[in-house]
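Chemist: As a plain string of letters, each chain reads:
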Amino acid sequence: MKTDGAERPNMAVSIGRLVLKNPVITASGTFGYGEEFAPYLDLDRLGGMVIKGISEKPRMGNPSPRIVETPSGLLNAIGLENVGVDAFITEKAPFLETLDTTVIANIFGESVDEYARVAGKLTGVKCVDALEVNISCPNVKRGGMDIGADPEQAAEVTRAVRQATNLPVIVKLTPNVTDITAVARRVEAAGADALSLINTLRGMSVDIYTARPRLANVTGGLSGPAIRPLAVLMVWETVQAVSIPVIGMGGIMNACDALEFLIAGARAIEVGTANFVNPAAVLDIIDGIERHLGDACVDDINDIIGTLDCRRK
Amino acid sequence: MKTDGAERPNMAVSIGRLVLKNPVITASGTFGYGEEFAPYLDLDRLGGMVIKGISEKPRMGNPSPRIVETPSGLLNAIGLENVGVDAFITEKAPFLETLDTTVIANIFGESVDEYARVAGKLTGVKCVDALEVNISCPNVKRGGMDIGADPEQAAEVTRAVRQATNLPVIVKLTPNVTDITAVARRVEAAGADALSLINTLRGMSVDIYTARPRLANVTGGLSGPAIRPLAVLMVWETVQAVSIPVIGMGGIMNACDALEFLIAGARAIEVGTANFVNPAAVLDIIDGIERHLGDACVDDINDIIGTLDCRRK
Amino acid sequence: MEQTQKRETGIVRSNRETARGHYVIEVELPGLFGVVCPGQFVMFRPGTGETPLLSRPFSVCSQTETGETTRIELLYRVVGAGTARMALLRQGDTVNVLGPLGRGFDMDEGRRVILVAGGVGVAPLIFYAGLRRAREEDSGRVRIVAYVGAADEESIVGVERLEPHCDEVKIATDDGSRGFRGTVTELFRNDVKYYEKKAVVVRACGPRAMLSALADVLDGQGIACQVSMEERMACGIGACLGCAVKVRLGDGSVGYRRVCKEGPVFDMEDIDWHEN
Amino acid sequence: MEQTQKRETGIVRSNRETARGHYVIEVELPGLFGVVCPGQFVMFRPGTGETPLLSRPFSVCSQTETGETTRIELLYRVVGAGTARMALLRQGDTVNVLGPLGRGFDMDEGRRVILVAGGVGVAPLIFYAGLRRAREEDSGRVRIVAYVGAADEESIVGVERLEPHCDEVKIATDDGSRGFRGTVTELFRNDVKYYEKKAVVVRACGPRAMLSALADVLDGQGIACQVSMEERMACGIGACLGCAVKVRLGDGSVGYRRVCKEGPVFDMEDIDWHEN
Ligand SMILES: Cc1cc2nc3c(=O)[nH]c(=O)nc-3n(C[C@H](O)[C@H](O)[C@H](O)COP(=O)(O)OP(=O)(O)OC[C@H]3O[C@@H](n4cnc5c(N)ncnc54)[C@H](O)[C@@H]3O)c2cc1C
Ligand SMILES: Cc1cc2nc3c(=O)[nH]c(=O)nc-3n(C[C@H](O)[C@H](O)[C@H](O)COP(=O)(O)OP(=O)(O)OC[C@H]3O[C@@H](n4cnc5c(N)ncnc54)[C@H](O)[C@@H]3O)c2cc1C
Ligand SMILES: Cc1cc2nc3c(=O)[nH]c(=O)nc-3n(C[C@H](O)[C@H](O)[C@H](O)COP(=O)(O)O)c2cc1C
Ligand SMILES: Cc1cc2nc3c(=O)[nH]c(=O)nc-3n(C[C@H](O)[C@H](O)[C@H](O)COP(=O)(O)O)c2cc1C
Ligand code: FES
Ligand code: FES
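Protein chains in written order, with the working numbering: chain A, 1 to 313; chain B, 1 to 313; chain C, 1 to 276; chain D, 1 to 276.
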């Protein structure tokens, strides 16, 4: 459907039962609990907001340095510092309740049971509209590898969370795998309502003058524009492998980057590292997507999702 | 051992039987057949040179566009264009014979047998000092995945090449795997003399105005500084997992970057994309490493290899 | 004089916007290039900053050797991150220049020359026209007619630089705001029948679509034509195989050639116009 | 006047090297900041170019509000890619500034103030000394003594800016090329016994090793001290948790606080000096 540009295009998208006013969501761990950004933008304009990862108990996080910049990238080893699910509910949720945007709680655990318990506790909390399950956690059993790198364990966590909640369950996949579609399919079969990807890629950086790692934690997760080409490919492949909606992310800095993911088939996108470069980045992205639709005379964002044309000229 | 800086430090390293005059090697596919760079630098100064990947028959390569720049990265889909092993021997080898540097032929095949046949043909060619086996080729059987992503197939190729040649065999690993150390260990067990890593990471880029992939081949391999943190980590993990020497690469643009890999345990390093930015980049890297050793009063490059100190302060 | 290919640190002498979004940058390089052949290009990169990563190719638009140094001009249009960064360069800034590279236009053929330029494709043709005129003593007077195309009046570039060297400069704009309304190849198509096939040669540079249309116009006309092709480049020196262009081989089959090495100038009939 | 936190596009008014490798940049911002508290910082990024990716934190060194605009000065040392890029900025260039951010120094305590600065750590202390003097009418004359440390004479910064506000500026250089030979904390250690514990407060800023040595000097002395801490920052606004500094909690345990939000200024005794 084409428009003459007089009306504003429809920007609403749906992720299963979840309807977002636009496809732009802030990514977990990069937008705090929302409050921190209130001085810089009207939070109600967001398509959605994913909260910093929540575990059952509070976690202190890793020693400093926790971050280091790499070429077009950010390597972080925050160590999942968070206030814990109980403090989240009493201290952070009330502010989130005042907002008119979709709030997604990002959860993780050190065991399948912990995931289920956190999911259970968040179910019924008024501001929480959906859960995003972060399965990129190092799992003791497999030493260093992510739970999410093993399709079997990923499916198990998905099933447990699925049973513990009636909220929409979005499973967030790790890119540190040989074949992300294999994990995606298993997670879909285990009952996920949607997938989000990609989380950070494992990396490290060395200070050559001290011969020590630049992060106190030695290794960290790489985000930012550097990883975008990898993320776009994984999203595109995953979209073809599953029939549930896929939320794309990884290095989205502006509207053009967001459109790459949407065209590749993502139903919505998350913005992470860009929030650090400019706290109002998401607004520029929302406005930029809308402008692009106007320029291209497309009156519904859904009409460009998945339009990637790979035929040879 | 410390020096007072008066003498020049020892820069020679050995990769098994192979002795390099310094640890700086040009990476396959980024230095042509050497000739192209002769106007810009004295090739004899190189620690070594890996030749563009060679297959049994000539290959035409992919349609254009074959390359696209991404943030701090280069996405390429050359499609392994090469003259084929016979033309290499007659047309390219004579020039290489005139050089006083270690020449490593990079080989690949579409089947285990093709690898063995190419290895066999190159054995005895005077200029070829070692083989680097590129196992990051899409394998028909596993549809899109690399041969090198499957430890079993990787080991099989290694064994076949090992049997076909008495040259040192360096197996070049793909980073597109869940656990590179698993592949590394199997390849070591199958008889590799050394490992080199990383090859490019799979990625794609979308032209939002045409809704088409920016590469005619749709997907490509990502190289350049963007991937360096991932490469350093994989090298560090692999060094700990095997006892054969590891050659590190991925996003090395200058001497500091090279030193990150050496400190993390790489015995030598390869320089790829940087050759495109500055055809004499490798000389700057060699000189820069030597200067760093001087500044740090280290009189042998081998004394800094693998010195990474990960203890908490 | 032999040509030396080098990577040099140059100094920006000037960098001005000459038409909407189009700039001319003048760079001073230490040492002498030797005679650059029109159609040859340089790989260009600002001397500071890490993005973009790769150098960008630009045709040499003019060259002046003055004792110890070489000055070159590049004419460019801002189309993306690299050229946007380039437009920010100011007098005194340092830049990296690799070149001159590739194969330029054959210079000596034809007593009548037709130049066909699309947009910034005019850059090497300005150089060609000037050099052709300068060499005229030896080879007798050449008649040079240029066809220049652009989107609209405001984005026409290089005409004032072509005029001193050309007998005629004909202009086409897509919107008809100046000269012929339509593409430069349509304009040329109307004239082609008046040219004496054997005496003329065509030198063309512009977007692939324009060159492809030109190939259609010239198909079966028996007019010798050389075109300067564009492809994305990483190295510019034949090493990466990134700049492949599909060509017809003698035996009727097709293959790839490197724009940076076997080109950027090709004989029109060698290119496989059907596909990249 | 209330403080407004914003991300603004500013214009570079000047950017000069004032000591070897040390620069002062003056930036003009639209709108008013409200009173910045010395010790507060801004996240700073050149307005063009994509590298480095993240903004860099810098303490505000001076602030002037003129009708509609705010001018701030930052004093910085070139240590890496971000500050190297910053040193290339010229008058008229646009930059992005987010701030003012974080918690600054308490301003009203102490009738005698001791400032301890290591290198560019002098920046917020210059601001502090000036503002303290300016407010003197209300609170009576304050005696301000500054201890300034640097590697050598050539890299001493800020002394000439401190002097108008201070009763005394004492200098230490590692190589003794000017003032005391040794660290600034050693210099201060020699004097500490002469100060009247209850009347003085210390305000310090510099590398962690210096602050840690200062904590040793002041250990058990009963002198109130606030320090401005540095950690790598991504967001500057409390969202990324990247800038964690280890603190001692009331119950004797340890935890992390965000330098950008709960700091950068902390009470010295709250910091866990043993580890990051
Ligand atoms: C031999 C040669 C000579 C050239 N001479 C000139 C010249 O004299 N003046 C001039 O303005 N431009 C010239 N170009 C084109 C110029 O190199 C590109 O415009 C430039 O690389 C774009 O860089 P960017 O970072 O600004 O754009 P990007 O962000 O890289 O790309 C922007 C757009 O330009 C297209 N593009 C990028 N690079 C190329 C390329 N190499 N060939 C074709 N399309 C490309 C992309 O597909 C994209 O649509 C020449 C190219 C070649 C190969
Ligand atoms: C609240 C605050 C106020 C500051 N005020 C000033 C100031 O007024 N003047 C000034 O010159 N500098 C100040 N700094 C330090 C300044 O932010 C860093 O020097 C700058 O970020 C370095 O950027 P770069 O890209 O040049 O160096 P990089 O390449 O990022 O790093 C170079 C070296 O500096 C160290 N470094 C980088 N960032 C920091 C950091 N945030 N804290 C500590 N060490 C770091 C790195 O470990 C590395 O050794 C302040 C830092 C903070 C946190
Ligand atoms: C500092 C930081 C903290 C993060 N914390 C979390 C987290 O708690 N849970 C999670 O699922 N992802 C976390 N992420 C990953 C991001 O949500 C996102 O997947 C990743 O950064 C890629 O997107 P980007 O390139 O836009 O940043 C974090 C990323 C960063 C940079
Ligand atoms: C244009 C291009 C062509 C390449 N061709 C080959 C090849 O033929 N064989 C191979 O093993 N690796 C090939 N590579 C991978 C490089 O050798 C290297 O592993 C990779 O680029 C990472 O290093 P870099 O970041 O320094 O470029 C190629 C890389 C590029 C950019
Ligand atoms: S640009 Fe590298 S081969 Fe032509
Ligand atoms: S810098 Fe992000 S929380 Fe402090």
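Please keep in mind that the hints were generated in silico from the structure rather than gathered at the bench. There may be inaccurate statements among the hints.
Here are the simulated EDC-like pairs of lysine to aspartate or glutamate, each with C-alpha atoms no more than 20 Å apart in a straight line [what the hints assert, rightly or not]:
#	chain 1	residue 1	chain 2	residue 2
1	C	K261	B	E36
2	C	K246	B	D44
3	A	K57	D	D251
4	A	K57	A	D42
5	D	K6	A	D44
6	D	K6	A	D42
Chemist: Work down the list of hints and note, for each, if the structure agrees.
Modeler: To see whether the hints hold, each was checked on the structure:
1. C:K261 / B:E36: 10 Å, holds
2. C:K246 / B:D44: Outside the cut-off at roughly 35 Å; violated.
3. A:K57 / D:D251: The hint holds at about 19 Å.
4. A:K57 / A:D42: 31 Å, violated
5. D:K6 / A:D44: 18 Å, holds
6. D:K6 / A:D42: 13 Å, holds
When the structure is compared with the earlier hints, violations turn up for hints 2 and 4 and for no others.
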